[in-house]
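S.K.: Sequence:
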Amino acid sequence: MQHQTLASSLALLTNQANSSMAPVAKQGGGAPHLVFIPSAGMGHLLPFSRFIGALASEGVFDISVVTALPTVSEAEAEQLAALFASFPAIRRIDFNLLPLDDATLAGTDPFLLRWESLRRSAHLLGPLIAGATPRASAIVTDVTLASQVIPIAKDELQLPCHILFISCATMLSFLAYFPTYLDETNTDHLAGDVHVPAIGHIPVNYPPQVLRNPDSLFTKQFITNGREITEADGILVNTFHALEPEALTALRDGKVVPGFPPVFAVGPLKSTTTGKEEAASAPIAWLGEQPARSVVYVAFGNRNAAALDQIREISAGLEASGCRFLWVVKTTVVDRDDTAELNDVLGDGFLARVHGRGLVTKEWVDQEAVLKHPAVGLYLSHCGWNSVTESAAYGVPMLAWPTLGDQRLISTVIRSGGFGLWVEHWSWDGGEDSLVRGAEIAEKVKEVMGDEAISAKAKEISQAAAKAVAEGGSSYRSMQEFLATLS
82 MQHQTLASSL ALLTNQANSS MAPVAKQGGG APHLVFIPSA GMGHLLPFSR
132 FIGALASEGV FDISVVTALP TVSEAEAEQL AALFASFPAI RRIDFNLLPL
182 DDATLAGTDP FLLRWESLRR SAHLLGPLIA GATPRASAIV TDVTLASQVI
232 PIAKDELQLP CHILFISCAT MLSFLAYFPT YLDETNTDHL AGDVHVPAIG
282 HIPVNYPPQV LRNPDSLFTK QFITNGREIT EADGILVNTF HALEPEALTA
332 LRDGKVVPGF PPVFAVGPLK STTTGKEEAA SAPIAWLGEQ PARSVVYVAF
382 GNRNAAALDQ IREISAGLEA SGCRFLWVVK TTVVDRDDTA ELNDVLGDGF
432 LARVHGRGLV TKEWVDQEAV LKHPAVGLYL SHCGWNSVTE SAAYGVPMLA
482 WPTLGDQRLI STVIRSGGFG LWVEHWSWDG GEDSLVRGAE IAEKVKEVMG
532 DEAISAKAKE ISQAAAKAVA EGGSSYRSMQ EFLATLS
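Adding 81 to a residue's 1-based position in the sequence shown gives its number in our numbering.
In case anyone wonders, no lab produced these hints; they're calculated from the structure.
Please note: incorrect hints may appear among the correct ones.
Unchecked claim - Computed list of lysine-lysine pairs in BS3-like fashion (alpha-carbon distance at most 30 Å, straight line):
hint : residue 1 : residue 2
1    : K301      : K336
2    : K336      : K538
3    : K538      : K548
4    : K527      : K411
5    : K336      : K411
6    : K538      : K527
What you are looking at is a predicted structure, and each value in this text was computed from that prediction instead of being measured.
My request is simple: use the sequences and hints to build the entire structure.
M.R.: So, in structure tokens, the structure goes:
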């Protein structure tokens, strides 16, 4: 099935708009100038790149991207390079961050440190954006910077400010309600289960576990951003109605937080940039030699590094499953630091034993190209939201193994949607008690690969995703509503 992209939907709606209500023309004439402010991490940068690319491909917007350099990872650098190479008209606003000399942050996650550096340097954004030509019409910021950027946009620059939320609507509901939870329970951290109005009961171990620590940098950022997002002019979410109907309806109806900003579900976002040649890559070529729906794709995201003993159990499970597999192995949080050799990581003899039915790599993989390949029948995933929306878009069943952050809440979307299996007791916390053994991995892989109901549901979700971005679909209409705000 050919899936219509957001860009092709935009072509339809902008042509319609230009001949009728013209929502893309700003006051005073000329195209609207949107300034995007992404943060760090591929999970954040990827949806920004896709959304920006979809808008830029129509040629009816002026677009600038605030770019903090150098990037934390090579993957981010390559993503930005592909965006600017694909759309030369996009302006880059280089953002020179202030030094982050804070001894109390030693040992902090490098991506979280970049968020904090961006936040502490945010006061420099006002003059940068004010000096942009043509004058900015609106700002679209990452949620991690919301508490800093929204006041700058609205008070200093008198510009509307939207948030591009990079996780699911379910997580947005939790973020929006969390300040109310804190106020009602008179606490400053996650201290128990949370009941989000119109969403339901959220066990204490589902949200990011770092929220249990009130002194955590993440917790402080999360709370301040959660309090500020109600002041945004709108929130764009990479989801679609059929995937999260309850959460989207609750947010839009003001049942989670009264008076919440408009929520625009514009997903699933797909790539519009031209990067590395997918057809020439070894994984894609290898997939082309495999039978339809026979391959298990195994990947745990750009920020997740498994311990060596867990990697060995995964290898044992994949070998024992008897299934073909494509496995992207990651041993460090930052890709520049990943120098381990595969033979050392996987153990002597593994690659030889699975030769022909398994391909293991530590190299960059075009995940979207992998998931849309007809040979792929299952995705064993950490459940980052980009990965989930890609699986949903291409009808690939999922075996959920969330690792950190919002991923357990995201796994509830997979479970409620019926297009995958979540084994709740699987953990990445480390130690003998949390180690998931190879025998159980093999059992669950075979179970989902053979589950016709899950496969049928994945196909149904894929069809709903295609319908959402097609003319007249829910995401198409939501995007049209957003564009109308730019007039």
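S.K.: Mind listing which of the numbered hints don't hold for this structure, in increasing order?
M.R.: Hint 5 contradicted; others consistent.
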